[in-house]
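Undergrad: So the sequence lines, in the order shown, correspond to chains A and B. Quick note on the working numbering: the first sequence kicks off at 1024 and runs consecutively. Quick note on the working numbering: the second sequence kicks off at 35 and runs consecutively.
Because the hints were derived from the structure by calculation, they are not lab data. Every residue gets a Cβ at the ideal spot worked out from N, C-alpha and C, and that includes glycine. Any given hint might turn out to be false.
Said to hold, decoys possible - Pairs of lysine-lysine, DSS-like flavour, derived with a Cα cap of 27 Å:
#  : chain 1 : residue 1 : chain 2 : residue 2
1  : B       : Lys247    : B       : Lys199
2  : A       : Lys1045   : B       : Lys134
3  : B       : Lys182    : B       : Lys199
4  : B       : Lys44     : A       : Lys1246
5  : A       : Lys1246   : B       : Lys41
6  : B       : Lys161    : A       : Lys1177
7  : B       : Lys159    : B       : Lys199
8  : A       : Lys1246   : A       : Lys1177
9  : B       : Lys134    : B       : Lys44
10 : B       : Lys300    : B       : Lys199
11 : B       : Lys199    : B       : Lys180
12 : B       : Lys161    : A       : Lys1045
13 : B       : Lys134    : B       : Lys161
14 : B       : Lys161    : B       : Lys199
15 : B       : Lys159    : A       : Lys1045
16 : B       : Lys180    : B       : Lys134
17 : B       : Lys182    : B       : Lys41
18 : B       : Lys180    : B       : Lys159
19 : A       : Lys1045   : A       : Lys1177
20 : B       : Lys247    : B       : Lys41
21 : B       : Lys44     : A       : Lys1177
Unchecked claim - Partial list, computed: chain B residues near chain A (C-beta under 10 Å):
#  : residue
22 : Arg124
23 : Gly127
24 : Val185
Unchecked claim - Okay, the calculated bits of chain B under chain A, using three or more residues with CB under 8 Å as the criterion:
#  : region
25 : 74–87
26 : 111–121
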Amino acid sequence: MSTDTNRTVIRALIRKDLQIMKIPAICYWLGGIGSILLAIFFGDAAGTIAFILFISVLFGSGVHAAMQTVTEERREQNLPFIMSLPITIADYTVAKMTANLSLVGTIWLTLSAASFIIFIGDVMPNGTIPFMCIILLAVFLAYIVILTTTMVFKGLAPAIIAVVAANLGSQAYVWWVADLHGVRSTVNSLDIVWNATYFSVLGIQLAAIIGLIGLTFYAQSRKTEFL
Amino acid sequence: MDAISCKDVKKNYPLFDLDLTDLTLPPGEVMGFVGPNGAGKSTTLRIIMGLVHQDSGRVEVLGNEMPRQQRAAKWDIGFVSEDMRLYGHRTIGFHLEFLKSIYPGWDDSYGRELLTRFELNPDQKVKGLSHGQRVKAALLTAFARKPKLLVFDEPTTGLDPVARKVIIEEMMRVMQDEDRSILFSSHNTLDVEQISDSICFINHGRIVSCQDKETFLDAWRRVRLVVEDTYTTPDLSAIIDEHRAGHQLVLTVSNYSESLAQALKKPGATISDVERLTLEEIFIASVEASQAVDRNPPVQARGVAA
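Take the sequences, apply the hints, and build the full model.
TA: Put into structure tokens, the structure is as follows:
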């Protein structure tokens, strides 16, 4: 069968997942915008709440997408229906990863970009921006950990373990990063300071994201049973 | 070109081995695939669909080597398994639209016709359907693709007799297309007997017997004999089961012929009756005989093949 027909099926699978996640995605996005508005208008009083809400929305959208489109599909026994279509395990993996990454990636990217509005005012010093980038990428990395775990491992238990580990792990990780000299010494400055520490940490996070996605494709290609 | 061809296919699990020496489904034929729980039916069908990869051996489906060419093969396969569910929070119409976006030759009018025939509402959510309606909806998604090959894994399990009748009737209607082949696994031997051209028995991961239905049903008989006290049952491979009560001896034979009848009478017996067996009775006798062979090979191994 030609590559075009193969792409048609993959596109249909992506559309199907986006359609299933459409309403929850809009809700998460609105939640994220709401938390940014909270920070802008009630920054002094509700800054911490707004920040927690914002991170929760980003994290929650990733967990929801991975659980709904991967774990739930398997638990609800929809997979035999999907795999009866003219696709291979590789096609399924491409479709699932693309749908998830584009959906959560869009929410993450737009909300992350919108969140920098708070720096226009004097709510937070500009020196926080590089650290904010690390936090946002750490949340996305946590989502990638959850997505790739649900893709590779069957069952609810690995998914739950991944959620708990990603949640606790990312918090511990951010605390650890915050204590690095390169971060600690610049985070409260009025101007943005990009130093080697920030670049190294962001680079490692990016490499981890790419590595986990690559590992997922490799693990999926090694599977000899897929139901 | 056969619809399905499995040669020397092996799949090993820690507690179960599948060993299919030869399983062939010619084009246009309906094969009933029968076996007890855990016999290897679902594993076989999953290997045929490319969802489980065999450890060794060759599987070809519609001329495509599986699992390598599963994408090409599955364009022409409709698959429904007992454990397959449609998306509960979506309507039947959603699923049909989804399939329509994939299959270029999708026939809307046939889809609507099937909806009417199965008495299904396209606007109804799958989670609100009864079990029978869910099975019908799943079958509809397979039929509506107009595939060359239909692979069904226990599709009628858990259905009431009326729903089963509708599904069997639809299968028979689909079979009117001479080019369409169906591999149909079921516990329900009545369904298999009704629609199959050939029957394949599997037990403990091995094909026990594969034959066309008429030959199969014709070969199996229950022979009632009146015997003398000194009568010893001849050691014939065709004798699958025997029950003796006084002078009454009842034998289940898998390869009945006039010469076999003569061989049974020779040691001093009179045949009082010869009955045909239903597929269910054959199925049970086959499985029991196969289990007996497994338990005690040297004594009981009388050959279970028809």
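Undergrad: Each of the hints needs a verdict: does it hold here or not?
TA: Status of the hints after comparison with the structure:
no.	hint	verdict
1	Lys247/B <-> Lys199/B	holds (20 Å)
2	Lys1045/A <-> Lys134/B	holds (21 Å)
3	Lys182/B <-> Lys199/B	holds (23 Å)
4	Lys44/B <-> Lys1246/A	holds (17 Å)
5	Lys1246/A <-> Lys41/B	holds (22 Å)
6	Lys161/B <-> Lys1177/A	holds (23 Å)
7	Lys159/B <-> Lys199/B	holds (24 Å)
8	Lys1246/A <-> Lys1177/A	holds (12 Å)
9	Lys134/B <-> Lys44/B	violated (36 Å)
10	Lys300/B <-> Lys199/B	violated (46 Å)
11	Lys199/B <-> Lys180/B	holds (21 Å)
12	Lys161/B <-> Lys1045/A	holds (19 Å)
13	Lys134/B <-> Lys161/B	holds (21 Å)
14	Lys161/B <-> Lys199/B	holds (23 Å)
15	Lys159/B <-> Lys1045/A	holds (17 Å)
16	Lys180/B <-> Lys134/B	holds (12 Å)
17	Lys182/B <-> Lys41/B	holds (21 Å)
18	Lys180/B <-> Lys159/B	holds (24 Å)
19	Lys1045/A <-> Lys1177/A	holds (25 Å)
20	Lys247/B <-> Lys41/B	holds (22 Å)
21	Lys44/B <-> Lys1177/A	holds (24 Å)
22	Arg124	holds (8 Å)
23	Gly127	violated (13 Å)
24	Val185	holds (8 Å)
25	74–87	holds (count 6)
26	111–121	holds (count 10)
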